Amino acid sequence: MSDGSTELGELTITRIFDARPEVVFECMTTPAHLTHFWGPIGMSTPLDGITVEPRPGGRFETVMVNDESGEEYPTMGVFVEFDPPHTFSFTEPGVAGGMTTRITFNDLGDGRTETVTHQSNVPPMFLSPEAQAGMETSFVKFDAYLASL
Amino acid sequence: MATDSLSLTFTALADPTRRAVLARLAKGEATVNELARPFAISLQAVSRHLKVLEAAGLISKGRDAQYRPCHFEPAPLEAATDWIERNRQIWTERFDQLDVHLKRIATKTDRERET
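Residue numbers (this note's numbering), protein chains in the order written: chain A, 53 to 201; chain B, 36 to 150.
Rather than coming from a laboratory, the hints here were simulated on the basis of the structure. Keep in mind that a hint or two might mislead.
[Stated by the list, open to error] Interface residues of chain A toward chain B, partial, derived using beta-carbon atoms under 8 Å: (1) L63; (2) I65; (3) R67; (4) F69; (5) D70; (6) A71; (7) F89; (8) W90; (9) I93; (10) T169.
Model, not experiment: these values are computed from the prediction. By construction, the Cβ of each residue, glycine as well, lies at the ideal position given by its N, Cα and C atoms.
So here's chain A without its partners, still in its complex pose:
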């Protein structure tokens, strides 16, 4: 079951999983789980290439490997929010001017979880004032991290 909608510069995907939010959240943020599903079809994500530092400012990195060619696609993300089992978001500064991905986990109350995945390439300075206020602390940490590189 999937529902994808595309707007200018943004992407939202809503999915329902047959597991509790705690389980889905853990799967999406634990290397031993991620290695089983992170790579799309035709790609693998070896365990030794996955780094998860579960906190704002922590690294979220994977290396996807093309099963046929062996070509590697590293992704270098930094967590902006990390709030289990409700939400996490990460930015990839190197992708299309800075992409932010935010995943929200909604408890449907019957053992199922709805996840809303929102990807945006809109740079932080264009975010609404409300969004900026809410994420200010995280971005301060993120800026500090970038400055330390």
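Starting from the structure of chain A, add chain B where the hints point.
Using the frame of chain A, we list chain B on its own:
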């Protein structure tokens, strides 16, 4: 993949005025004056927005120095849309596999409970 031109495209599209200008130009060419009319902003502000759009290759301007109508150039928008579409595909496949993984875990947990 030309990440740089994608960045320019996404930055250009991040602003509501620029999106409105593009929507107007998608219907046909227009001069700066014509474009400025519906907006409560100065000609200079519109010109600045047009520069951003032009840098991203989303619009081009006519050669006539007196009358330089702006044209909508769809190619960068198509590249951006393709890129988003590819991402949508990746996430969909990823979640399909997560679904399988969750079922596998659930089965394993059930088995462990039985034994």
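Hints and how they fare:
1. L63: holds (5 Å)
2. I65: holds (5 Å)
3. R67: Interface hint status for R67 of chain A: holds (5 Å vs cutoff 8 Å).
4. F69: holds (6 Å)
5. D70: With Cβ-Cβ at 7 Å, under 8 Å, it holds.
6. A71: holds (5 Å)
7. F89: Holds. Min distance 4 Å.
8. W90: holds (6 Å)
9. I93: holds (5 Å)
10. T169: Status holds, d = 6 Å.
Checked against the numbered hints given earlier, this structure breaks none of them.
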